[in-house]
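Q: Given next are the chains, with one letter for each unit.
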Amino acid sequence: MSEQAVEEESGRIPISQRPEWADVRPVPQDDGPNPVVPIAYTDDFSETMDYFRAVYLADERSTRALQLTKEAIYLNSGNYTVWQFRRLILEALNVDLREELHFVEQITRDNSKNYQIWHHRRWVAEKLGTHVATQELEFTREIFSQDAKNYHAWSHRQWVLQALGGWEDELAYCDELLEDDIFNNSAWNQRYFVVTRSPILGGLEAMRDSEVAYAIKAILTKPENESPWRYLRGLYKNDVKSLGNDPRVGSVCLDVLMDKRDYVHALNMVLDLLCHHYQPSNELKNAIDALSPDPTPSDSDLIQRVCSILQLVDPIRANYWEWRKTTVPAQD
Amino acid sequence: MRATKTQEEQWTIQNQVFRIYDLVCHLPPHAQSVNFELRRDNHIEYLIRSLKQLGPNFAVLDANRPWLCYWIIHSIALLGDCVDDKLENDVIEFLQRCQDPNGGYGGGPGQMPHLATTYAAINTLITVGGHKSLSSINREKLYAFLLRTKDTSGGFRMHDGGEVDVRACYTAISVASVLNILDDRLIQNAGDYIVSCQTYEGGIAGEPGSEAHGGYTFCGLAAMVLINEVNRLDLPALINWVVFRQGVECGFQGRTNKLVDGCYSFWQGGVAAIIQRLRLVVSEQMGLPNTSNFDSRTESDNDSSDSDGDQSSEGASSPVNDSCQPIQKGKSNDSPRIGVNNNGYNFIRGSIGMRPLFNSMALQQYILLCSQTIKVSCVLVRFLQITVFLLGGRRPVSRQAGKTQRPLSYMLRSKRTVHLPV
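Protein chains in written order, with the UniProt record's numbering: chain A, 1 to 332; chain B, 1 to 422.
Everything labelled a hint here was simulated from the structure, so no lab data went into it. Note that the Cβ used here is the ideal one computed from N, Cα and C, for glycine as well. Warning: the hint list may mix true and false statements.
Quick partial rundown of chain B residues pointing at chain A, CB under 8 Å, derived from the structure [what the hints assert, rightly or not]:
hint, residue
1, Tyr46
2, Arg157
3, Gly339
Dumping the calculated DSBU-like pairs for lysine-lysine here, alpha-carbon to alpha-carbon at most 35 Å [what the hints assert, rightly or not]:
hint, chain 1, residue 1, chain 2, residue 2
4, A, Lys113, B, Lys150
5, B, Lys132, A, Lys70
6, A, Lys260, B, Lys5
7, A, Lys149, B, Lys5
8, A, Lys149, B, Lys150
9, B, Lys141, A, Lys70
10, A, Lys237, B, Lys5
11, B, Lys150, A, Lys237
12, A, Lys127, B, Lys150
13, B, Lys52, A, Lys70
14, A, Lys217, B, Lys52
15, A, Lys127, B, Lys52
16, B, Lys52, A, Lys222
17, B, Lys141, A, Lys113
18, A, Lys113, B, Lys5
19, B, Lys52, A, Lys113
Make a model of the complete structure from these sequences and hints.
A: Encoded structure:
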């Protein structure tokens, strides 16, 4: 078969046959005579890494080395040594990093859950500065359209906002994601991030009132959704006493309990409130009684009864609710 | 109303899992019991085979080979077995080739040192044990490497030019602690960084602001224990978050409203196991009086029949030191960090103050069924599953000459009926 036919078939010319690499002696991997966890590398893989080792050891920061790191990355995008060396070459050659962003974008599509790729992207974006903020936000938005909870993408987006800016539309973006999927906890987390850290919204104190309303609306729509319950707590910085002082909190718990459906999170919150000196209304006490399996409770302690109900309706956490029974702070 | 993507995915998995549980539930008792046995011999055979050779699809883990060593060697040790002397020697020599002359271990020979692969290599060598293995570690250089990874935020960088997150804190602190090289320079502000990663949900995120996540929660909590600053975390909130991560499928999810996954059996289950030894700190944070009326271990429903008797013989690679001071729980750390390297050891040797707060039996059943039904074997998943299975009352055993094998299936055979959750 002619060389051209071989090239067309596999799409790859072995490095040993590339004239620009003729002066380089590849360095085989030093696994030793009796390696453990040896991997059955393909020939392409071995050869690429052998040449990589050669330029790495020689610290050759050249164009051909840059190209080689790209090939190595395609073979194993988790090789952090290759990525780090690539960064050194990019700096040495003073390459236009906008092209690099394009390369990273391309490779992220197939490897969206890889630490090295996202870290590299962050490094490139930082070098390029604030004028790529919009592009970066747009890119993560694209990722989220495929996987709205990609952890790396969310970390990257948060970093972009804090380092490069672009806060203006972020709360609206959270609205959008939550409208699409009210159970998306990453979007709730992002909401908290925006509400507490955005330089243009005024901070948690200023936003608390409207955000409590938002959370309560979400709760009433789907009381079994854990996210808005935790978000609500978060709005009061897990200070359960202040949580209890907001009448809307007790109110939403009551509403859910009276509905007698999907009330585990409501009871969880009531339990916390009660353990922090919350004074339950008669309505709340009645609602709890209505859920209690024991028609005439001998134990008048409301906290104990709430735990007992939870042990029944949330059995996977029976051990936890049992423990909560024994860890009630002194009630004065 | 249309179901959201979260709901659809959840219902799909739930149905799949329940179908399997249903199937097993309706098997006759003997057949049922077989499904809840840990296929120890199969696992060991698979692990040793993998140690000797891996297929081409493992090329994506070419920068993680110490992890492969760790998962394999440690799993074998947890199963009460060991590899032959020659293989052990090969492991030691291979890891030596991964060790960087300036300290730390890389993902393979010639690769830059990285905190995760350092963690994996060190723990492999410790599991192997013995003079040759332990003396192959260059502690002095390793300390220098750890210092280089220290970041101004108080956290650590995974490698030169790498990312900073809570994993790095744990891997660095854990390695330093177990090798007795943890000091003020490494510890300083690490607690600040980890505290800043605890989210409004109660769990811990990878970086400040990110979402609470099982893997990072384990790393953050463990690291705080090791530097004796665990009281700085809001533990009641953390506990509430982690117990809600166990789903109706009996396994754990990594984050709120996400799907269960076998690996979180370790990360989240591990968090729950650590919590069990923090009763005093937790009580103090909850404003409870410091009484000693906690349940004794023997009442725990996941104690095996002979685990108590083995207390003195297990973990015998270091002699039991009765004069070890218990760590100062619940106190702020103003005093000089004398004995900080003992934190880990003291913590493990301390008494378990509470029953597990999660449903341990359900988790064990989930794990065992995972290992029966997975078609494509996964070294990592097996390691994690075996580890957490043993969290329910057994300590990791170090290699001892002439030790007999200990099949774990008795643990389940001793239970007459299998209670599957509704």
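Q: Give a verdict on every hint.
A: Hint check results:
1. Tyr46: Constraint on Tyr46(B) not satisfied, violated at 13 Å.
2. Arg157: Hint on Arg157(B): violated, closest Cβ of chain A at ~10 Å, above 8 Å.
3. Gly339: Result: violated, 30 Å to nearest chain A Cβ.
4. Lys113(A) x Lys150(B): It holds: about 25 Å lies between the C-alpha atoms, which stays within 35 Å.
5. Lys132(B) x Lys70(A): Violated. Lys132(B) to Lys70(A) sits at ~39 Å, over the 35 Å cutoff.
6. Lys260(A) x Lys5(B): Between Lys260(A) and Lys5(B) the Cα gap is close to 26 Å, so the pair holds against 35 Å.
7. Lys149(A) x Lys5(B): It holds: about 11 Å lies between the C-alpha atoms, which stays within 35 Å.
8. Lys149(A) x Lys150(B): 30 Å, holds
9. Lys141(B) x Lys70(A): 32 Å, holds
10. Lys237(A) x Lys5(B): 29 Å, holds
11. Lys150(B) x Lys237(A): 30 Å, holds
12. Lys127(A) x Lys150(B): Answer holds: Lys127(A) to Lys150(B) is near 22 Å, not above 35 Å.
13. Lys52(B) x Lys70(A): 30 Å, holds
14. Lys217(A) x Lys52(B): 58 Å, violated
15. Lys127(A) x Lys52(B): Answer violated: Lys127(A) to Lys52(B) is near 44 Å, above 35 Å.
16. Lys52(B) x Lys222(A): With a Cα-Cα distance of about 52 Å, the restraint between Lys52(B) and Lys222(A) is violated, given a limit of 35 Å.
17. Lys141(B) x Lys113(A): Measuring from Cα to Cα gives roughly 32 Å; hence the hint holds.
18. Lys113(A) x Lys5(B): Status holds; Cα separation ~19 Å.
19. Lys52(B) x Lys113(A): 29 Å, holds
Violated hints, listed in ascending order, are 1, 2, 3, 5, 14, 15, 16; each of the other numbered hints is respected by the structure.
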